[in-house]
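Once you've looked at the hints, dock chains B, C and D with the ligands against the given chain A.
Protein chains in written order, with my numbering: chain A, 1 to 209; chain B, 1 to 209; chain C, 1 to 336; chain D, 1 to 336.
If you're looking for bench data, these hints aren't it; they were derived computationally from the structure.
In this text, a Cβ means the ideal position worked out from N, Cα and C, and glycines have one as well.
Only true hints are included.
No more than 30 Å apart at the CA atoms, straight line, and that leaves these computed lysine-lysine pairs for DSS-like: (1) C:K2 / D:K215; (2) C:K92 / B:K120; (3) A:K120 / A:K101; (4) D:K92 / A:K61; (5) A:K120 / D:K92; (6) D:K149 / A:K91; (7) C:K42 / D:K321; (8) B:K94 / C:K92.
The following label-pair restraints were derived from C-beta to C-beta distances: (9) D:V40 / C:D241: 27 to 37 Å; (10) D:R7 / C:E287: 15 to 25 Å; (11) A:A162 / D:G322: 57 to 67 Å; (12) D:M1 / C:G322: 40 to 50 Å; (13) D:V40 / B:I171: 55 to 65 Å.
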Amino acid sequence: MNNSYLIELLKELQDIMCENRDYLIKLDSIVGDGDLGLTMSDGFTAAYKAVSASGETDAGKLLYNAGKAMSTAVPSTMGTLMASGLMQAGKVLKGKTELEKADIAALFEAYLEGVANRGKAKVGDKTFLDGLAPAVAALKSALQAGDELNVAAAAAREAAEAGFQHTTTMIAVHGRAATRGEASRALQDPGAAVAMLMMKAFEKSFLAK
Amino acid sequence: MNNSYLIELLKELQDIMCENRDYLIKLDSIVGDGDLGLTMSDGFTAAYKAVSASGETDAGKLLYNAGKAMSTAVPSTMGTLMASGLMQAGKVLKGKTELEKADIAALFEAYLEGVANRGKAKVGDKTFLDGLAPAVAALKSALQAGDELNVAAAAAREAAEAGFQHTTTMIAVHGRAATRGEASRALQDPGAAVAMLMMKAFEKSFLAK
Amino acid sequence: MKKIINRPEDYVNEMLEGLYIAHPDLITYTGDDVRCLVAVNKKAGKVGIATGGGSGHLPLFLGYVGKGMLDGCSVGDVFQSPSAEQMLAVTKEIDSGAGVLYIYGNYNGDIFNFDMAAEMADFEESIRVESVVAGEDVASAGPAADGEKNTRRGVAGIIFVYKCAGAAADAMMDLDEVKRVAEKAAANVRTMGVALTPCIVPRVGTPGFTIGADKMEIGMGIHGETGIRRGKLEPADQIVDEMLEKIVADIPYVSGDEVAVLVNGLGATPLDEQYIVTRRIDSYLKEKGIKVYRYYVGEYATSLEMAGFSISLLKLDDELKGLIDAPAQTPFFVQL
Amino acid sequence: MKKIINRPEDYVNEMLEGLYIAHPDLITYTGDDVRCLVAVNKKAGKVGIATGGGSGHLPLFLGYVGKGMLDGCSVGDVFQSPSAEQMLAVTKEIDSGAGVLYIYGNYNGDIFNFDMAAEMADFEESIRVESVVAGEDVASAGPAADGEKNTRRGVAGIIFVYKCAGAAADAMMDLDEVKRVAEKAAANVRTMGVALTPCIVPRVGTPGFTIGADKMEIGMGIHGETGIRRGKLEPADQIVDEMLEKIVADIPYVSGDEVAVLVNGLGATPLDEQYIVTRRIDSYLKEKGIKVYRYYVGEYATSLEMAGFSISLLKLDDELKGLIDAPAQTPFFVQL
Ligand SMILES: Nc1ncnc2c1ncn2[C@@H]1O[C@H](COP(=O)(O)OP(=O)(O)O)[C@@H](O)[C@H]1O
Ligand SMILES: Nc1ncnc2c1ncn2[C@@H]1O[C@H](COP(=O)(O)OP(=O)(O)O)[C@@H](O)[C@H]1O
Ligand SMILES: [Mg+2]
Ligand SMILES: [Mg+2]
Ligand SMILES: [Mg+2]
Ligand SMILES: [Mg+2]
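Bound-form chain A, shown alone (with noise of 0.2 Å):
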């Protein structure tokens, strides 16, 4: 695999967020401003618009400058934490022209971690990273165990989607929810929804091939 596949994997994020705007924008109404499904679509598309057509074959520089164009577009919370996972996912696979497997499990930790940097928040915050760190972990061990990527990827969009369920228990202490305290429990985290969106692009990523 090369920078088009992960020009492919660009598209379907910016499909499945264009794809779901009005559902990001139901979901962070309720708990928030309700601007994600807009900062989500205009995003992906400007990370995906910015290097579709580049002809970049270092796969750091293009996740990277992916990255910048995301943050310059949509400078929001979410924006800038998507922005940031990108640009880490490009500092550690920078050089590289060919992606292995486990490269693409590199990238999705990279992500995180770049996420994890910039937001201080931890596990169990009721965040994005309740949605992206349980897939991550899924796809480590499902890669470890000798899985194919397009199996280690539903595996990753089943744990993402179990954990986005799972933020139903948690307290937000981060942005806008969390000024609601206990009340917030109840609620769907919107940024948990995103990295279930994530993983369900990541794996259709596959499927179109």
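Leaving out everything else, chains B, C and D with the ligands in the frame of chain A:
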């Protein structure tokens, strides 16, 4: 007559303005801001209070001081005009301790002059002047014809009443009413009503004796 | 009436007390009447400049007392004139032998009281007083015919008269010269406003007028005096164009002129909107060939919590430019 | 939505264009992005100070760029963070080799973007960047426990951090010193606000919340964040007392302390009311033995056309006094 008459006259003015407070408020509410009842009752009360127990024997000083007290208490349009009338009357009667019939005519003539100089309105402009000017003319001609003060005062009151009623034929060119242009014509002028009340009080100042 | 106040009767005096607390280095009062405000800083032999008027227009009127502008100000109740007695007290305090100039807005109550105060100052104190009355609201009346009295209301443009006369006095010009400069500034300034919402006089407790949720009134005065037209709220650029058309045609201001521009918020209009207005003014005047020498943007003459703004233009010559540029320091106007 | 604007999408950029037109002597922008605002005046070798944040708070944030305060500011949409890329552009423009200090409010979006910009500045440009985050709204959260992150929102008190750090940089202190001063000011300031009416984000078009005609919300944030209690509107003195009780107890400020006080209007509250508030603050603090060194009263950090105000106290020592007193000149803050 001496200053005890002037104090009596100022008391009648105070009383009539207080009794007609709501009437003046009503008139001014139609064409202006509705404060006239307040400023006239407060103003003439202040004028009377300032001199009633002063022991001042100079008629001019008494009237001047009454005017200053009024101007301090109610620096509104009509408040300042009435103060200017009193102060001008004071200037003209300065030095007198005994008042003849002619002095009373001079008092109101000076009052009219004081208001006219301050306000720079002309008769026919639909103001206080349209109530007081005909009253002063009637007062003077009655006295010239040899009438007693109480008879002359009644004539002055009648002329003021007629002058007030006559304001419904005029277009306002001063103050808030002027912004209405032609539409101001049908309305009674509140300031002219004050002139009518003044002459009523003047008339009563002799009945009381 | 949603106001952060105590008893409405105490509104003006409590405001003044707060003002003296916040600006002890610049302003104080004379006698024991907080409504007779004077500058702390005194310059011997300088012409004194006094203004006055009703409360409810902060920073107008008192906010321009300090260095390089005004020396004193008497303050009335909300939208009511101060008394001649108060004006006289201020006059006595600020006269240092060179005489006193009154600069105030064209309202009956103010005119009557300032005239009376001037007579008292002459009669009782032998202080020479001259007066300049600012009346530059083009929406309030037509221009005065030759020899006729100007019947236009005085609004925000009076700030320019203060600034020019204040700088002239600060430069130790004599009373005739300071008056000449003030008259020149007053003759060269024009203003027009627009209002979106009414304001509430604290002691009244209810709005002075009502205006539909999607309506504006072009030409409204700063006490809610009727304007020239009420209509649907339009985009900022369109409103500015309509106002400038009337203002520019009035003197008229012509291609090649240089002007100072004052964009004045009436109380509740955010600075953002005032700058959006500024942007359009700039392109409108550019198109007409009128050059802007200096902009002032912000709240200079308000109507309590009214939403809306006004535009004032001052036509400049070299003398006025120099006076506009001179430094000044007051509680609400600081220029280096 | 009663606003004097053109298309809501153009709100921020048109406001900025107006701003550059009005203040060409003080501010300009870098590159071709009007949202990357920098001071015209540059002082070689001086530490650069940058801030940034959402629009809708004028004069905050950009209004304090000029001489003696800030050197640059990136501006986001209304109530939205600018991007890291924009912050980086400003950072590059204002660095003159002595490094750059970021001072901004404690909001997630701003933190994430400023952190990212600092990394980029280091990584891509080798510019040393330090950051100080202001979070002093005592109504927004309890004080941070030892070693824990401060979760309080940053509001009007940030002006004091700007002022002190700006003066320190202007005195050619190095980056560590300027940062130390900024941290000291941030640690010594506390704020609390009250809101009477909501505001409308132009692109949203409807109020962010509703509040009864006779109600107020004590402790509300400058984006309409929920406060600590909503209740019937009370007399000014009572509101001030409730707010000061919370503020004074927080550091705490104690008898013998000297403070600077900022009374800040949120947008639609007349200056008169702000001075009525000032009056009560003064007697309250006098009673507690706390001495006021200097007052600032006016609009410093607004929420569009929201009605309400905030009070900020800055505890002073000799160093901070000197920095507060230093001259400054920006479009919205001039001190001699
Ligand atoms: N510190 C953080 N780390 C990771 N995710 C966060 C953090 N803070 C907030 N989030 C996520 O961001 C989501 C909201 O994003 P967004 O709508 O962009 O925020 P806002 O509009 O309030 O600025 C939340 O649902 C949460 O999952
Ligand atoms: N220039 C003037 N000369 C004489 N009377 C005047 C003049 N202008 C106004 N008035 C009188 O003043 C009256 C209104 O007085 P007042 O209520 O005090 O005015 P306002 O409240 O509008 O300041 C008018 O009815 C008119 O008779
Ligand atoms: Mg959101
Ligand atoms: Mg948001
Ligand atoms: Mg009246
Ligand atoms: Mg009146």
